[in-house]
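All chains, please: the whole structure from these sequences, using the hints.
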Amino acid sequence: MASVTYDRATKHFGDVIALHELSLEIPDGEFMVLVGPSGSGKTTALRLLAGLEGLSGGHIRIGVDLVDSIAPRRRDIAMVFQDYALYPQMSVRDNLAFGLKMAKVPRDEIRRRVDSAAEALDIGELLSRKPRELSGGQRQRVALGRALVRQPKVFLMDEPLSNLDAKLRAQTRGEIKRLQQEVGTTTVYVTHDQVEAMTMGDRIAVMSQGRLEQVGDPDTVYSRPANTFVAAFIGSPSMALVPMTCDADVLVRGDMRVHSGVGSAALPAEVTLGVRPEACRPWNEENGHLGPFEGRVEYVEALGRETFIGVVVADGARFVVDSDGSARVAIGETVRFGLVPEGLHLFDAATGGAIETVKGE
Amino acid sequence: MTGTFERAINYGLLIFFSLLALAPIVGVVMTAFHGPDALVSGLEVPDPFTVESFRIAWTEGSFGSSLVTSAVITLTTVAFSTVFSVLTGYAFGTMRFRGATVLFYIFLFGLLMPFEATVIPLYFDFRRIGLTDTVWGVILPSTALSIAFGTFWMRAFFRSAPRSLMEAARIDGASSLGILLRVLVPYGRPAILTMVVLVFMWTWNDFLLSLVMLSGQNILTAPLSLAFFQSQRTTDIQLLAAASIIVAFPVLVVYVFLQRHFIRGMVSGSLKG
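For the protein sequence lines, the chains are P and V, in the order given.
Note that numbering that gives the first Met the number 0 has the first sequence beginning at 0, numbered continuously upward.
Note that numbering that gives the first Met the number 0 has the second sequence beginning at 0, numbered continuously upward.
Hints are supplied without guarantee of correctness; some may be wrong.
[To be verified] Taking lysine to any residue pairs in the SDA-like style, the calculated list, with each CA pair at most 20 angstroms apart, reads:
1) P/LYS100 to V/LEU180
2) P/LYS103 to V/ILE178
3) P/LYS152 to P/LEU45
4) P/LYS152 to P/ARG177
5) P/LYS129 to V/ARG259
6) P/LYS103 to V/SER175
To be clear, the hints were calculated from the coordinates, so they are not data collected in a lab.
Here it is in structure tokens:
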């Protein structure tokens with residue numbers, strides 16, 4: 000086990016900058032999730048750590064060792080690939096044992112470790128099968144097992160759940176997290192799925208266009224997004240982002256006037272107001288929400304326990320209203336809603352950066 | 000209704016072309032089983048059915064030794080060209096190194112160059128160093144030709160092989176040669192066997208190169224014996240047919256034996272669902 004340090008790690012592919020001066024400290028034993036859309040540089044960051052790509056600049060350390068020019072096989076890491084990359088001609092047992100054989104681990108020890116990993120992953124009965132005889136979920140477990148038996152310093156996982164169906168994905172999410180906590184191995188996990196990031200990571204690093212946008216524990220990233228990118232990317236449905244103009248400490252857009260709750264001195268002339276669905280509720284006189292505002296219903300997503308209502312306000316600003324239970328509203332109807340003052344996020348419209356608000360925290 | 004009609008047309012065409020392809024082969028087989036003195040015209044069922052033509056053709060064409068010579072040449076060529084093609088294809092297909100593109104085009108040039116243009120100068124070169132009228136006089140040029148194709152073929156295979164498989168092996172601690180031998184060669188068995196069959200066929204059936212390089216006629220390959228035989232007995236169609244079957248038989252056996260490997264889906268299941 001070991002910590003991982005990216006020190007201004009940079010990767011260019013020709014003129015394209017895939018990763019720009021990533022600096023990130025991952026302490027020993029942490030489950031770090033790199034999350035971002037396609038082209039955000041998260042997979043590049045992982046492949047640099049694996050040694051599958053060479054750095055264009057900066058350094059990477061595993062523990063205290065500088066690994067910039069160390070071959071992948073000498074880095075003592077194990078990786079789970081998106082397509083599992085199981086060796087097709089080998090049985091499950093041989094797949095699990097391959098890395099250990101390469102490392103010239105004694106045969107008894109290989110057998111012991113393979114059996115114990117197979118037991119932990121409940122794949123004991125599959126050991127003599129070939130990968131083609133396994134289901135997607137079973138292959139995924141074998142791929143995890145292959146990483147587990149190595150007992151490496153760091154686990155690297157490149158979207159390992161993206162080929163599973165939704166139910167299996169949710170189940171395996173919990174299992175990976177449990178296994179990681181049991182063995183306590185530092186893990187770098189890449190995903191584009193923000194739900195995976197939020198549920199699995201001790202901390203998550205949100206990336207976009209080769210840059211690190213924010214790093215923090217899931218709760219911080221969700222409740223205090225550093226900029227509009229993180230605000231929009233993390234959370235589902237996304238945070239509504241509405242450009243507004245400041246009139247002293249009041250935010251104005253058409254007929255809509257929202258008290259920012261921030262001293263006017265802290266506000267630039269143009270801001271972006273961010274409101275998550277849970278801070279945007281059907282209007283009720285008694286609960287002290289800001290409003291009422293009126294909007295026309297664009298769509299309704301009834302999930303049973305709650306209903307998300309997409310509304311557009313007179314001048315084109317869009318919000319998602321979170322209503323408990325199943326709300327009876329029709330598309331085109333006008334609804335009234337209020338904003339929870341503590342749930343408002345303000346961003347500088349020019350830079351996209353968050354403006355520290357006083358939300359009674 | 001259209002479906003049935005279309006299907007009938009499809010089957011009709013397929014049967015027609017299959018018959019076109021099969022007719023000459025059936026003709027040769029039928030002819031070969033006629034006795035050497037029988038009168039043959041068209042696709043006649045042999046009566047009596049006899050292997051006498053095979054027996055005579057075997058002795059007169061001295062196939063006992065020419066088949067051995069062909070086997071030595073072909074197997075050596077296949078072995079050399081497979082090993083070298085896998086290695087060069089692996090390098091060109093998976094590694095980035097200085098001059099890779101230029102070098103690859105040089106290999107490709109071997110594929111594009113008409114062999115007929117090089118065989119005469121090659122003959123004089125080989126005669127000077129004493130390689131004519133030896134099996135090496137055929138093996139070396141055949142190997143070189145096969146490597147040009149094999150490199151092209153294996154490079155295409157290695158480029159299409161999943162990178163993650165190689166990367167997984169790299170992370171698991173395999174060396175470059177280890178990745179090739181332990182992961183890619185077993186994975187690429189269908190591609191490699193296809194190449195083996197093709198090279199086997201080309202080398203076995205080669206006529207021009209053997210004719211030029213073995214012009215002393217001390218040693219003969221099977222297709223050469225066939226030609227020699229043909230010039231002596233042009234009118235004796237039964238013996239010629241029998242001799243042709245003797246020459247074609249090993250290729251057929253190799254093909255039938257290795258064919259199931261092409262079909263076997265080695266790849267399925269190794270990667271995502």
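Open item on the list: Just to be careful, I want the Cα atoms of P/LYS103 and V/ILE178 compared with a cutoff of 20 angstroms; is the pair within it?
Closed with: Holds: P/LYS103 and V/ILE178 sit about 16 angstroms apart, inside 20 angstroms.
- [ ] Could you grab the alpha-carbon distance between P/LYS152 and P/ARG177 and see if it respects the 20 angstroms cut-off?
- [x] Holds, at about 18 angstroms.
Task: Given hint V/LEU180 paired with P/LYS100 - CA-CA distance at most 20 angstroms - done: Holds, at about 14 angstroms.
Open item on the list: Just to be careful, I want the Cα atoms of P/LYS152 and P/LEU45 compared with a cutoff of 20 angstroms; is the pair within it?
Closed with: holds, 15 angstroms
Open item on the list: Just to be careful, I want the Cα atoms of P/LYS129 and V/ARG259 compared with a cutoff of 20 angstroms; is the pair within it?
Closed with: holds, 19 angstroms
Task: Satisfaction of hint between V/SER175 and P/LYS103, Cα-Cα up to 20 angstroms - done: holds, 17 angstroms
Violated hints: none; the structure is consistent with every hint.
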